[in-house]
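A.B. asks: Chain by chain, the residues:
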Amino acid sequence: MASVSGEVTSVLQPASQNARLARRRSRFIREKAIESVLFLAALVSVFTTLGIVYILVAESVVFFEQVSLWDFLTDNQWTPLFDDAHFGILVLLSGTLTSSAVALIIAIPLGTVIAIYLSEFAPFSIREIAKPFLELLGGVPTIIYGYFALLFVTPLLQWFYPALPGFNLLSAGIVMGIMIIPYVASISEDAMRAVPMNLREGSYAMGATRFQTATRVVVPAAISGIASAYILGISRAVGETMILAVAAGMQPNLTFNPLEPAATITAFIVQVALGDLPHGSIGYQTIFAAGLTLMLFTLACNIAGHMLRKSFREAY
Amino acid sequence: MPNARDLVAIRALIASHKRWDMLFGVVGLVALMIGVLTFVALFADMAIDGIPRLNWDFLTSFPSRKPAQAGILSAWVGTALVMLVTAFFAVPLGVAAGLYLEEYAPKNWMTDIIEINITNLAGVPSIVYGLLALGLFVYQFGLGHSVLAAGLTLALLILPVVIVATREAIRSIPQGIREGAYALGGTQWQVCKDHIIPYSMPGILTGVIIGMARAIGETAPIITIGALTFIAFLPAPPLKLEPPFVSFDWLFSGFTVMPIQMFNWTSRPEAAFLQNAAAAGFVLVIMTLAMNGFAIYLRYRLRKNIKW
Numbered sequence: 003m004a005s006v007s008g009e010v011t012s013v014l015q016p017a018s019q020n021a022r023l024a025r026r027r028s029r030f031i032r033e034k035a036i037e038s039v040l041f042l043a044a045l046v047s048v049f050t051t052l053g054i055v056y057i058l059v060a061e062s063v064v065f066f067e068q069v070s071l072w073d074f075l076t077d078n079q080w081t082p083l084f085d086d087a088h089f090g091i092l093v094l095l096s097g098t099l100t101s102s103a104v105a106l107i108i109a110i111p112l113g114t115v116i117a118i119y120l121s122e123f124a125p126f127s128i129r130e131i132a133k134p135f136l137e138l139l140g141g142v143p144t145i146i147y148g149y150f151a152l153l154f155v156t157p158l159l160q161w162f163y164p165a166l167p168g169f170n171l172l173s174a175g176i177v178m179g180i181m182i183i184p185y186v187a188s189i190s191e192d193a194m195r196a197v198p199m200n201l202r203e204g205s206y207a208m209g210a211t212r213f214q215t216a217t218r219v220v221v222p223a224a225i226s227g228i229a230s231a232y233i234l235g236i237s238r239a240v241g242e243t244m245i246l247a248v249a250a251g252m253q254p255n256l257t258f259n260p261l262e263p264a265a266t267i268t269a270f271i272v273q274v275a276l277g278d279l280p281h282g283s284i285g286y287q288t289i290f291a292a293g294l295t296l297m298l299f300t301l302a303c304n305i306a307g308h309m310l311r312k313s314f315r316e317a318y
Numbered sequence: 073m074p075n076a077r078d079l080v081a082i083r084a085l086i087a088s089h090k091r092w093d094m095l096f097g098v099v100g101l102v103a104l105m106i107g108v109l110t111f112v113a114l115f116a117d118m119a120i121d122g123i124p125r126l127n128w129d130f131l132t133s134f135p136s137r138k139p140a141q142a143g144i145l146s147a148w149v150g151t152a153l154v155m156l157v158t159a160f161f162a163v164p165l166g167v168a169a170g171l172y173l174e175e176y177a178p179k180n181w182m183t184d185i186i187e188i189n190i191t192n193l194a195g196v197p198s199i200v201y202g203l204l205a206l207g208l209f210v211y212q213f214g215l216g217h218s219v220l221a222a223g224l225t226l227a228l229l230i231l232p233v234v235i236v237a238t239r240e241a242i243r244s245i246p247q248g249i250r251e252g253a254y255a256l257g258g259t260q261w262q263v264c265k266d267h268i269i270p271y272s273m274p275g276i277l278t279g280v281i282i283g284m285a286r287a288i289g290e291t292a293p294i295i296t297i298g299a300l301t302f303i304a305f306l307p308a309p310p311l312k313l314e315p316p317f318v319s320f321d322w323l324f325s326g327f328t329v330m331p332i333q334m335f336n337w338t339s340r341p342e343a344a345f346l347q348n349a350a351a352a353g354f355v356l357v358i359m360t361l362a363m364n365g366f367a368i369y370l371r372y373r374l375r376k377n378i379k380w
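Protein sequence lines correspond, in order, to chains A and B.
First residue of the first sequence? That's 3 in the working numbering, and the numbers climb one at a time after it.
First residue of the second sequence? That's 73 in the working numbering, and the numbers climb one at a time after it.
Same shape as in the complex, but just chain A (with noise of 0.2 Å):
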């Protein structure tokens, strides 16, 4: 579309009607060009996830090269750096399994009650309060929340338990715990905040309670919304490192015990990475094929939800 000076001109004199078209093809070409560049800009996060899966598998086909999957799997010892080494990545495994489920026992049950709480029985004014206060919380650097544990935590647990050695993965959990609530708690109250009016109008005129309806109408009509959320925390508790590398020690120790330290996948490589590896050597391999086992189990997660969310959705 022509300016309207444009026009006016064009009616004038027949002979710019070429320029005219010349400039219309112009700015068609700009447009185009434009919208590739920020078509490009929108791929860059394809490259990233192409990269990510690039650089995991590659590195550790040359691990397996060396370690067979079986011996990975099965070995009950880790002991990469060692002349007599070991890869039983389920050593590392067992550390980020256990402080996981220390952290999902406080997350969970919090996270939600914190979610109905905040959706179905705050008043305004706490409501407004509570959420930015949440989102602070979730916003404080974890390395914080690792130096909480070793320093505030633990000696809190053990003054109740003086055997409680300075590094475990008690302490790291819960702390992880208190660093999931909040993504827990905001992304099922959006959840709960999404279920109609009417069902709860509905509820009420029968003559439930408040409780009776945030537990079996609320909850139930929300529940692939709070479902993802738990998914989500599960995956943040497994890909945490820094609270685990600092206050979970950094032996690897086959052990569901949450009173002993142990590592976990992440803080194996800190660990190696704050080490001077030299590049190319199995040790530096070794951080790879963790790195992809970690991916693989949050990719899991991933999928899980993405099932759980079509399965549980309800249409209103």
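Among the hints, erroneous ones may be present.
Unchecked claim - A few chain B residues facing chain A, derived, Cβ under 10 Å:
| no. | residue |
| --- | --- |
| 1 | Trp92 |
| 2 | Val99 |
| 3 | Ile106 |
| 4 | Phe130 |
| 5 | Ile186 |
| 6 | Val196 |
| 7 | Trp261 |
What the hints assert, rightly or not - Below, computed lysine-lysine pairings styled on DSSO-like, alpha-carbon distance capped at 30 Å:
| no. | chain 1 | residue 1 | chain 2 | residue 2 |
| --- | --- | --- | --- | --- |
| 8 | B | Lys90 | A | Lys133 |
| 9 | A | Lys34 | B | Lys265 |
| 10 | B | Lys179 | B | Lys265 |
| 11 | A | Lys34 | B | Lys179 |
| 12 | B | Lys265 | B | Lys90 |
| 13 | A | Lys133 | A | Lys312 |
| 14 | B | Lys179 | A | Lys312 |
| 15 | A | Lys133 | B | Lys376 |
If you're looking for bench data, these hints aren't it; they were derived computationally from the structure.
This one's a predicted model, so the numbers in the text were calculated from it and none came from an experiment.
Using N, Cα and C, we set each Cβ at its ideal position, and we do this for glycine too.
Assemble the complex: chain A is given as a structure, and chain B must be docked to it using the hints.
C.D. replies: Frame of chain A; chain B shown alone:
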């Protein structure tokens, strides 16, 4: 008609249900308080240990083997430089990607893939980004353990945050604005440049600040790409006295950042270093809280003021 005995039973039932309501109200408040109290304890713990150590020398000294002389100069300079690189890449890329997905993208499988992919990327643990950067930026691209590699890593990490914030901001602009602009003969890019982007600016800014606050506190990916923990020099200054006056040597310099400095001090047994860690942590917490708080305030103002 219910008789008197039934009435009593019904009243008892109602009373017991109401008690449950009360009880849950209290339980909810207690759960909320656990979160709030933890936050207060964390903040107070860090402040009590750290504030006595905070002074001008602490901000202007390099790390040292002697805890009393150690400072965070190289750490905060490193953080500032890395953030500069991160913002330089993440903001234009994120806004462009968000704009494309909201305004340009056709409904097809390609768009679906991009959207699913962004959702998935937001759930990838940050340390995996560190591994990507170690393999790709540090070794394949040969950037080394540099400010540039770290900035790029964090830019990829916060890209989903910026994209999602941009999309939400754009989506809240009413359709009438676009129709008005197109009716006056604007091309798609003119509509975006003169209307969509300016109107979504506050929303985008909120997302960018939240993303940057996250990037400042990220430790794991930066450790993974091999940032050193003991740095007693500053990267080359970006401005010089002789022509061409600007220098980009700092991009390829070794560096350390605030959270890594704090991690380094936390992992030492001496109490004096732990105090340093608390002081560094306090600075870090204040920085992230200020950024997040500003973003929350901005969003609050936005909701109040803009009524389309």
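A.B. asks: Each of the hints needs a verdict: does it hold here or not?
C.D. replies: Verification of the hints:
no.	hint	in the structure
1	Trp92	5 Å, holds
2	Val99	6 Å, holds
3	Ile106	6 Å, holds
4	Phe130	17 Å, violated
5	Ile186	5 Å, holds
6	Val196	7 Å, holds
7	Trp261	5 Å, holds
8	B:Lys90 / A:Lys133	26 Å, holds
9	A:Lys34 / B:Lys265	15 Å, holds
10	B:Lys179 / B:Lys265	22 Å, holds
11	A:Lys34 / B:Lys179	18 Å, holds
12	B:Lys265 / B:Lys90	56 Å, violated
13	A:Lys133 / A:Lys312	28 Å, holds
14	B:Lys179 / A:Lys312	21 Å, holds
15	A:Lys133 / B:Lys376	16 Å, holds
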